[in-house]
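*Asks:* Using the supplied hints, reconstruct the complex from the two chains, each of which is provided in its own coordinate frame.
Sequence lines, in order, name chains A and B. Residue numbers for the first sequence follow our numbering, beginning at -11 and rising by one. Residue numbers for the second sequence follow our numbering, beginning at 7 and rising by one.
No lab work stands behind these hints, which were simulated from the structure alone. For clarity, every value in this text was computed on a predicted model and none was experimentally measured. Even for Gly, the Cβ is constructed at its ideal location relative to N, Cα and C. Do not take every clue at face value.
[What the hints assert, rightly or not] Facing chain B, according to a computed beta carbon distance under 7 Å, are these residues of chain A, among others: (1) R218; (2) T219; (3) R221; (4) R237; (5) N238; (6) A309; (7) D312.
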Amino acid sequence: MIQSRIPVVLKFLRRRLWQVAPVVLGIALLNFLILQLAPGDVVDVLAGEAGAATPEYMAQLRASFGLDKPVPAQLFYYLKNTAMLDLGFSFRQNMPVLQLILERLPATLVLMVTAMSVAAASGLVLGVISARCVHRAADRVISVFVLIAYALPTFWLGLMAIVLFSAKLGWLPSSGMTDISVELTGLDYLLDVAKHALLPALTLATFYLAVYTKLIRTAMLEYFGADFIRTARAKGATEIRITLFHALRNALLPLMTMLGLQLGSILSGAVLVESVFSWPGLGRLAFESILARDFNLLLGILLFSSVMVTVLNICVDVVYASLDPRIEL
Amino acid sequence: MTKLLSIRGLRTWFHTRAGVARAVDGVDLEIAPGETLALVGESGSGKSVTALSILRLIQEPGRIVAGEIRFDGMNLLTLDDRRLRAIRGNRIAMIFQEPLSAFNPVQSIGAQIVEAIRLHRRTSRRAAYARAVELLEQVGISSPDIRVHEFPHRLSGGMRQRAMIALALACKPDILIADEPTTALDVTTQAQILDLLKSLQTENGMGLLLITHDLSVVAETADRATIMYAGRVVEEGPVATLFTRPSHPYTAGLLASVAIDDLPPGERLPEIPGTVPSLLAMPQGCAFADRCPKASGAAGCFTKAPEFSAVSPRGEHRVACFLSAMSPAWRFPVPAERKTLPREMEEDEKIKAKEAA
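Isolated chain B (complex conformation) (with noise of 0.2 Å):
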């Protein structure tokens, strides 16, 4: 399958007084069209970062050092600021997390989708408005007529939210990133936004990059998935996969931390012990040894950075992790009910065992 966006090796630094923060710090990526590509990680992994990367949108003292940012034949990360103009908002278009700040508040919504057509079509003022009801008819708002004179101050945020995805759309683009699209609103609004983006695209075809920390929106929502920790990516594959045979001892934790409905009450919740180690001061390893149960000096976790590669036999599962890469077999300890599924794993393993021989 051809690739509509392909990441190579991004490295977004911020050279602050305390040091350099390395944001994010060698992310793949990749993601075809029509496809949902979820994009994981807690707060201060880089997801975010990773997202404004694509459109250069990173501000001071933030700088993309080195990658490849590869679209349609170009690379992002070198085009000019006129055509990557001619490329933000058409052909990839982002959703912020905070619907009513990423508004400008002076201005009605209507005028704001309005801006977005005109600045990459030519067509007229009445026009532009026309196609403006329009899409935030499609995104379901009621009486769009109405709406699209309103203010952002006026509208609920699930409805801001609407009207934020209907600004993205607004140029049909190939690519639309969500940052965090639903994490402002309430549940049943965010079940509603997630409807909304999948049966959006579904009919553009457009490739969706979901940025989240939330994994039952992953579960819901995308194909594939990326686990980011620490500025690095450490985990990538078919979701289905992912959740039910995840290879890295984060992955393992992160679901472990979830999936607590079958736990006795009183019972303490699963964690990840420890935290999250500062950008400024990475340790040498792997990132995440210190906390990881696994982590041993004598597979080198805590002098070397592991590769990323793969681990099943068409490539499609991949992992940065040492006892991953030696043993795929080796799980993180699990919930019970995650447990269930060694019989698909064992087939894994003799496909691999074949191939090997």
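Looking at chain A on its own, in the form it has when it is part of the complex (with noise of 0.2 Å):
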């Protein structure tokens, strides 16, 4: 049965990585007219930051990063590099683009596979008492718990965690990703990152355990009027087993969803959290891109971004077509 289905799961991606191309192409389109609009250009910045830049400067500047051509020919030079995998140049920062998204990158992807699993995690266990103890103690409680963590804006827990365990406490750092005062190897590196990585995860999971746990208990509550846990219960199986092994089985495909969905908007969220715990993921490079309008490092993080989440979604696809067998991929 397995075997026969990675051919099957071949001619699926095979399908998919053609769509990606046109996808991917679009949304780089749509990137650089959009920023086209945004005022001021990243010479503005160097020039009000230097202080003492005459127009002939800026021009010059400008000339030698080729922001005076027109548009359709920046546009041109853009795509056709792009097509070619080259990124560009930040001349803010004096790096290739791609060498520095790639820098970034192992960051970003360690808060965000942390939070995510952290998330569905606690998700899932939190549901699922929720929904066995529907109406009762339990299931009261954790509501209360989740409709907090869905209304707490991100960036003020944040703080808050900071003020908490940082200042008061001193249980845990408040920035930064690992201790730069001293030189660590191996276990005792891996340490040090999981404890600045602790607070930023926790506060960007925050959001999605609450949207989790409201999924699974809803999921789970009607799977558990279903026909065919009746039919379970009906065979004499214990109430545990009609649980974990019918309801929540059927419960993962709607959190699969969800979890598709999310992987794209928790790169936005990972802004919020990495500006205030100066974690150094690409949300916070994104921001700083922003904030000094270098335009090429922008495109280059929302293109691979973009690129990031359609390969994600192509995964999620093929997860959920072996998790419920009336997907046909």
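*Replies:* Printed below as a string of structure tokens:
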């Protein structure tokens, strides 16, 4: 059974990867044109910071960056370079865009994967408990907690977490990804990163945790009334088996859908959290590039994340099909 | 004959916001080994709730408030959860109306049958799979070794119901409860499924509780029938007797409403006037009194509920009706063809008269 599925998956991947190209092209076009509407460019910012820039110098800078060319020409060069996987050069950071992105990517991935895992895992547990004890004390407590978690603004929660756990209690570091005062290797390094990641990851996870808890609870309650649950009970299955094996197995499907949709949005959530915790990730890089009008870098990040989201969505589709036999790839 | 399962005074009520709905209100029934009992009634008459009550599968807001369900010396209603689970699917199994939704959509048919086996028998997964293939073959599914890996949505309706039966038979139950097993199927498939149930029953010698609203199904398969109306049993007896000499006006009405073969074209179809009373507001007297053409205040039809009492000498035909109890010869207006059996009826009365004397 499993073996016979592999060619199907490969065929599906080939078909979907072809669809990625036009999607990414469309996104690139849109990004470029929208950013043209933003006032100011990187030269304005550089000149402002230098404090003593003459119009001649600025014109010279623009010419050297290629910013004096007409917009269609700029667009042409942008698309041409992008097609050759050249994301351009960040004049602000004096580094190739791709290199900048790849340097920051691991940090964002660590944050994202940790946050999503925490959110999905605790959402599952809380949702199942909530559904099992529906309308009883445990369910009420979880519901209130979820409502608060859902309503709290992420940046405020992050700041409060810093105030409590870093400033007052001094348990956890407040910013960065590693302790820069010491050189650590191996397990110590991992532990250090974990310590730094805890607060930002939990902060980022809070909102998603609330969504997943509600989702699982609703799905489970729906399935508890389903005919096949009654069949399982009539077969003589225990309640635990019914809950975990029959109801939860089916409730994973809507969770998968939601996860797939939110993998994209979590990047934007990371902008806030990374800024609050000075986490050296892509989100903060994007934020900095906007402030600096570093459009090459910003376009690169946007394009990169759109490719990532598209690819992740394809992965989610494959996982979904393996979870639900009714879905054909 | 020793009874395999006997239900006494079962009351399953639903405590809703609008009030207490007495879905099942004092039901008695019995099944002997190898016997087929049809539980007949229209939608909402409480037949499915009765069936679900047997395995205590009633969900909130429903509750079994009174009664006794005896099975193999145990009262199922007071059994602890562990022992109840040991009976569910093992000694009493159930087939549901909608075979598509009754299967877990994300598990293969085989895996679900294997689960049913392994919940009650200590066997290896491999042996259980072999047994599942065997069961699928037994219920007439072609190439069972392939179908066993198939998911429910890939099978046709008739095939799914066969698989459902295979699932129910997994542990060779003593009693099989079939809740409208053919309602979702087309007529040809219906007949096949009923034949299958019958043949499996003779093979295994199990008692079959067949829940249906379809009188033709009753005529074809059942030995005895229990007719329910608004949560109560109104009449019970051997199928042959019920069909030829119904003693309750409701049973007679049901039969009249299906005997439409001889009706001239254009003629209005026979029906029982009125509607079923709301379960939330049951009348004080007989639940059928408002629709009964013969109900009378003098007999007490509107003031108190009739007792369930025997109308045949040996007591196998019982009815809950004041009028039938007072004068067994009383007939509901039934179609002409059914009136051709008065001789047997007269004999019955003679025997009764003798007994009385």
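*Asks:* Any of the earlier hints contradicted here, and which numbers?
*Replies:* Violated hint: only 6; rest satisfied.
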